[in-house]
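Those protein sequence lines, which keep their order, are chains A and B. For the first sequence, the numbering used here gives the first residue as 3, with consecutive numbering after it. For the second sequence, the numbering used here gives the first residue as 2, with consecutive numbering after it.
Heads up, a few of these hints could be off.
Claimed, not checked - Dumping the calculated DSSO-like pairs for lysine-lysine here, alpha-carbon to alpha-carbon at most 30 Å:
(1) B:LYS294 / A:LYS71
(2) B:LYS294 / A:LYS129
(3) A:LYS381 / A:LYS371
(4) A:LYS43 / B:LYS294
(5) B:LYS323 / A:LYS78
(6) A:LYS126 / B:LYS294
(7) A:LYS156 / A:LYS175
As the list claims (entries may be wrong) - Which stretches of chain B does chain A cover? Using the computed rule of at least three CB atoms under 8 Å from a CB of chain A, they are:
(8) 195 to 208
(9) 217 to 223
(10) 322 to 330
(11) 346 to 352
Derived by calculation from the structure, the hints in this document are not laboratory data. Backbone N, C-alpha and C fix where the C-beta goes; we use that ideal spot for every residue, glycine too.
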Amino acid sequence: MSKTSETQQTNPLREGLATRTVPQACTVVIFGATGDLTMRKLIPALYNIAADGELPPALTVVGFARRPKTDEQFRKEQEEATRKFSRQTVRDEIWDGFAQSLFYHQSEFHDASGYKSLVERLEKIDKERGTGGNRLFYLAVAPDQFEPILKNLKEAGLNKAGEGSWARVIVEKPFGTDLDSAKELNRIVRQAFSEDQTYRIDHFLGKETAQNILVLRFANAIFEPIWNGRYVDHIQITAAETLGVEGRAGYYEGAGALRDMVQNHLLQLLCLVAMEPPTDLGADSIRGEKVKIVKSLRRMTHEEIAENVVRGQYAEGAINGKDVPGYRSEKGVKPDSKTETFVALRVRVDDWRLADVPIYIRVGKRLPKSGTEISVHFKKAPPVLFNKESVSLDQNVLVIRIQPDEGISLRMQAKMPGTTFRIEPVKMDFHYGTSFGKASPEAYERLLLDAMSGDATLFARRDEVEEAWAFIDPIEEAWVAKENQPGLFEYPAGSWGPEEADELLARDGRAWRRL
Amino acid sequence: MTMTMTTTDTPSLQHSISPGLPVEIGKIDRELKKLWAESGSAMTRASLMNLAVYSEAPGSLPRNTEIIFKITEDHACRAIVIGANPGAKENRVEAWISAHCHVSRAGGKQICSEQLSFLLEGPSARLLPNIVFSHLDSDLPLCLWWQGEFHEPMDPQLWAWVDRVIYDSQTWSDFRTQMQRVETAQADAKQRIVLCDLNWTRLVQFRLGLAQFFDHPASHQDLEEIESVEIDFAPGYRSTALLLAGWLAAQLHWTLEKSSKDAALAFRDRAEKAIRVSLTEKVGEPISRCAVKCGSTAFHVAHSANADLLDVSVEGSNSERKCLMPAGSNDPVRLMSEELMRGGPHRVYLRAMSCVRDLL
Chain A
3 MSKTSETQQT NPLREGLATR TVPQACTVVI FGATGDLTMR KLIPALYNIA
53 ADGELPPALT VVGFARRPKT DEQFRKEQEE ATRKFSRQTV RDEIWDGFAQ
103 SLFYHQSEFH DASGYKSLVE RLEKIDKERG TGGNRLFYLA VAPDQFEPIL
153 KNLKEAGLNK AGEGSWARVI VEKPFGTDLD SAKELNRIVR QAFSEDQTYR
203 IDHFLGKETA QNILVLRFAN AIFEPIWNGR YVDHIQITAA ETLGVEGRAG
253 YYEGAGALRD MVQNHLLQLL CLVAMEPPTD LGADSIRGEK VKIVKSLRRM
303 THEEIAENVV RGQYAEGAIN GKDVPGYRSE KGVKPDSKTE TFVALRVRVD
353 DWRLADVPIY IRVGKRLPKS GTEISVHFKK APPVLFNKES VSLDQNVLVI
403 RIQPDEGISL RMQAKMPGTT FRIEPVKMDF HYGTSFGKAS PEAYERLLLD
453 AMSGDATLFA RRDEVEEAWA FIDPIEEAWV AKENQPGLFE YPAGSWGPEE
503 ADELLARDGR AWRRL
Chain B
2 MTMTMTTTDT PSLQHSISPG LPVEIGKIDR ELKKLWAESG SAMTRASLMN
52 LAVYSEAPGS LPRNTEIIFK ITEDHACRAI VIGANPGAKE NRVEAWISAH
102 CHVSRAGGKQ ICSEQLSFLL EGPSARLLPN IVFSHLDSDL PLCLWWQGEF
152 HEPMDPQLWA WVDRVIYDSQ TWSDFRTQMQ RVETAQADAK QRIVLCDLNW
202 TRLVQFRLGL AQFFDHPASH QDLEEIESVE IDFAPGYRST ALLLAGWLAA
252 QLHWTLEKSS KDAALAFRDR AEKAIRVSLT EKVGEPISRC AVKCGSTAFH
302 VAHSANADLL DVSVEGSNSE RKCLMPAGSN DPVRLMSEEL MRGGPHRVYL
352 RAMSCVRDLL
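So here's chain B without its partners, still in its complex pose (with noise of 0.2 Å):
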């Protein structure tokens, strides 16, 4: 038997990666220890979580194994990538293994992660819970991708053993319909599941450049002060906007006015003073700008020229300073990435969504 390999070295194979070999569904493990005994001493597997990837759209298997391949470069885990359709008329069940390794940092090594992959067609797409649970690398939490929408009836069973439930809500078309359906399963499966929304984890780096003007004890009575939020996003990510806002009304204690419109919201803070909080449609990044304005000074966050860089600036009476800091991207690898090492219950997510959970 063969091993299919995709190495950093070798960045052409990245488009034509597929699945891998294709194996029985109850051979999986021996195959598995095949492919390792196969693969000599120069490469080591390792794991430090379970992650399944759920999708349905057509065509994901090869994406997501691409993805996969990506982010595995500094998340290793056991991948058990799903691509289903449970419309279609024929039953078909498929499986393949594959691993994905990359050389340590110390050289040398190889260090791989396995991927289980499979097509699960017709009927047997409800056997998912059962794909999951019988693959999963023992002892080892379990991180569910979920991409795209989430239909009832959900299988509680499933849900029972999910740790974090990963999803991005700028994908879903009824926001309000999706998150009860993922709060009323959560509230069903009786454990903490962490939910972990892709579309705020878009935020982390405007939060940390916006973050940081208010660290010095002396800039903290600006934020008592602030008059009116500016935020651009780009076509299809007015939820990220939201979510922005959403987080500054959250955790500075603003309330949202019933009065508030598409393009501005209207916010009431702890003293009664209004804020207003405009959002503006513009091409570019999801989020390319956000203005804090309070009395003199402004705070600005904006997409630098080059696009993994946030120019982070203040203008007003006392001090005009810029810097560059990381941007971060929005693809899924570096979306993933950033949140899988971030971590954390979430819990400013919950209330920023709380916010503006109406107007999502």
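So that you can see chain A by itself, here it is in the shape it has in the complex (with noise of 0.2 Å):
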């Protein structure tokens, strides 16, 4: 998404092939190398990347963490978990290929000396294998361990890069539980990395549909002059899953769910609805943008806080005609947690294009079905001709679905076929599946190439993160004041959340869309 890349630019021969910035040969560290995301996530796009011949051959990846292992070890698992989570066949002779550019290297993350074996092998791999020198530090590991590593890293100089190479960090979620610890996080990685250099990851930013979102704004001519208060009445954002917490209760019960998908996720989106055209398409433009919202973002007061957001969490109900236990049931979650597991939001941009056009937001665990959306609601068709009071009309709803079954619909008004006037909705739909065959990568896959290559278009910068967290921390506050803590509603599960939810938009005359 970012402008030609330097590599573009100055090898004539990737004219007219490549379409993005062409990811350059480097070794990959991935700190938490036998954990889950790694498994997972890390290593199947690795090789999915690889099977598309979108990989630099030299590609070198050095799982880093604490178990003795050997090399072959190493690759042996992580063959096992690709072929069960990779999206497409594994294949042995590609697999073969790859596995060989996989190492391990054994060390505790805050023991010295295994940064200094560390450097030794990098640069040992970078002359067998021709990575350049260019290193991709993956720090796929809870946020505690991130200050021995990158301390390590820094002590043994594997933060700089050598002339003509680059070091980069990619820091995953979550970047913080707060402000304060955001900004913590945030010196901690500016000690040894800097801005330029350091890569947040937020995994919906990678997925298509949430790119499609700019190209939908601002390649359109139609949309773009009616995306304001003029013509907008108001915008929600849904994130519904009917999964309860999985096993992650030990990390959910001090997260919840407005810092595991409110903070990041959904704030991200809505920057993405409600942005400005960016000048070009630079990492910089697009996200100097984004922060203008997260800054625009009306802060409530306490009582504002009352007002406008509601807090639940699920009790027993039934998911998919199954019962399902209620939150305070779960493994490892307390009797009496108060941790939330749902959020609606009404939320204001202080901006010229959406002032007076309220945002509501909402996400929530046990939920009827899955999926997450953005829906546009226009203003209504003027009282007049067929917009009278007897027979109100619904308004023209744009929705951009971003998951599952990505897509685009609106909602119009047409007659219905008779010799009455009847007028009823209907739909336009456009289904990325359907109309494109082609599948799409996994957004880590999008994300990982987007790092090689130097582009940080889709990851969170620094500033967006803080504000992210300066808008969120007030709530947060009030849930734990003691003076006039706002209630935590309950809501059995397979319902779409307390009622005091409906009734936030109710108050506005305004009811949650129908996903």
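Take each chain as given, in its own frame, and dock them per the hints.
This is the structure we're talking about:
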């Protein structure tokens, strides 16, 4: 998505072949190489890129973790995981070649000697495999491990690249639990890597439809003129899932829906839907416009939070016809837990475009169906001709489906066939899966390629993350305040959340969109 | 009325594919509506473009129907397949309609593309533009896949409507005459028609394999130091090898020497250094190997024993490494899918072709 890279400009043989920036040969060092993320997402993503012929042949992966293991054992484990989790069937001949680029480096994260030997190993790899001194460090570990890893990388000199080479770091979410911790993490990262070396990953932005929001808005001249408070009545963003905590209670108890989903994924979607057109497709142009939106989010007082934010927790109920337990009965959850599994918010963006356009966000676990969607609800036609008080027409609604069944639909009014003037809403529907036979790459594939290419467009910038926390923190604080604490409302699993969430919109004369 | 249906889960049908249900030409729209009305809600019609296919080869209709069936798996379209025999004495016009359905990636729903097929024999072959115009899916681009040779006169009416014309120059007996016709028609059309040569598409994976060697800034110097190139091509694919050589020449600013002969081409780079490109005919894939030598380093791209992969390797004083990359295949379905997926204006093709035009 970024401007043409230096690589494309200077390799004349790439002209006409690449429509994206070309990834450069490098060594990817994965911290937490035996963890779930590496097995389920990272190595399968790298394999898929290799199978599609888009991985630089010299690319090398060094898994860095505590457990003693040989290269061969590491390769074997990764092969088993990739066969299980890869989106493409693993082909032996491609895997065999790919596996030769996988190495394992055993060390404790805080052990400086492990990093010294890593330097030697990386230099050897550069010589033998032609990785050109380029290094991509992937922190697939819990945030409390960032500091020792980054400190040791710096002390070993691995944060700096030689001339003509680069060193970058990818940081996984959660990026902090509040503004202070995010600032602290940023400080830790900044001590070793500068902002332009840092790639904070939010896999939502790697999804095809998230990227398509910009195309929909800025490549189609019909939408931009009406994408403002004069024509838009309100916007809804929904992220619903049928799943419960699914073994993540340890993490989820400390996070909750607001931190887990709203602070990162949903605010990112909000930015894409509300931002102004960037001056170009460069990473900083796009991210600069997104930051303006996060900064423009109207901060709420304690009283306003009680009025504009609803939190809920699922009680026992049924999903897809099967009984499921309530949140507090889930393994690892405290019986008196106050962690929210549902949040609904009414937010305002104080900018010229969307001033007076409320944006409703809801996210929840154990809802009747799974789906992430953005819907833009346009104002009704004037109350003349067809839109009279006696037969009020529905609004036009533009829906952007992020997952599953990615696509876009537009609801409009049409005359029913017959001699009378009966008007009914109809839906024009575009499905990615129907129109384009080719499967989209996984979000991690796209994001890894971008990081190797030096394209930070789809990664969160430091100020984006901190501004998002600055908006979220007062809500979290209100929820733990000793006085006038907003309630935590129960909802049965399999319902669309607590009634209070419906009332949030009903007070404005609106209702949640039916998914 | 029954719907002629081919599905991905009945591969055995592929060999008995027929153009579909016979219909009167004037009733095609009505019959199509009926076809969809009867199909039920489990099927969705999809179309991203009009793909007109024209062939004068005997038996082309069933063959092209099979190709369209496979192409529509990745590229939803309205296909207008025309089998013509202008030399026939008897005048004959026949039409069929059918739908190619594939189960969507998400499962469940069948995604269907329409195919309209026409057999035009004798004087009715001149109806081609009319047939195409009256059955286009409105507002969608028109790709015309012309199989075989172009004849004079080229119909300006038809060309004015085409967005992309797809041909395979490898099948042409006289490249210069054919290309002249295409370019004249393109100029007369007074609109931007993209020329898409499947012989160029055939080279995509080889070009990717070669290009990736020079992505790292440190390797850019190697491009200036190329001394020789070796290309192995299959019988009948010399034009493909010439296009590959033309691509290197165009992108690296080499000039073709007049002394170039059949087996070895002589180029000069910007520094007037001589570069020899040798072409060797070998049974196998259209292009089975390309080796680029720069001093002590040799870059190789070659079809592996498993023909759908390329062995990509570097040998030299500094490092030796190799890997596998997708090779694609030479079948028309893969070439068309690749071409439709990549799109683009093909400026590089035009430059590559210009470099070796006199040799094609």
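For each hint, the structure was consulted:
Annotation: proposed proximity of LYS294 (chain B) to LYS71 (chain A) is violated, straight-line Cα distance about 40 Å (limit 30 Å). A distance of roughly 21 Å separates the Cα atoms of LYS294 (chain B) and LYS129 (chain A); the hinted pair therefore holds under the 30 Å criterion. Taking the CA atoms of LYS381 (chain A) and LYS371 (chain A), the gap is near 28 Å; set against the 30 Å cutoff, the hint holds. Between the alpha carbons of LYS43 (chain A) and LYS294 (chain B) the distance comes to roughly 39 Å, so the proposed pair goes past 30 Å and is violated.
Pair hint LYS323 (chain B) plus LYS78 (chain A) holds up; C-alpha atoms about 21 Å apart against a cutoff of 30 Å. Distance check on the hinted pair: LYS126 (chain A) and LYS294 (chain B) sit about 26 Å apart at the alpha-carbon level, within 30 Å; holds. Restraint check: the Cα-Cα separation between LYS156 (chain A) and LYS175 (chain A) comes to about 21 Å, which is no more than 30 Å; the hinted pair holds. Evaluation of the coverage hint for the segment 195 to 208 of chain B: fulfilled, as 3 residues show C-beta separations to chain A shorter than 8 Å, against a requirement of three.
Given as covered by chain A, the segment 217 to 223 of chain B passes the check, having 4 residues with a CB less than 8 Å from a CB of that chain where 3 are the minimum. Check on the segment 322 to 330 of chain B: 6 of its residues sit with their Cβ under 8 Å from a Cβ of chain A, so the three-residue criterion for coverage holds. For the segment 346 to 352 of chain B, the stated coverage by chain A holds: 4 residues have a C-beta nearer than 8 Å to a C-beta of that chain, and at least 3 were required.
Of the numbered hints listed earlier, those contradicted by the structure are 1, 4.
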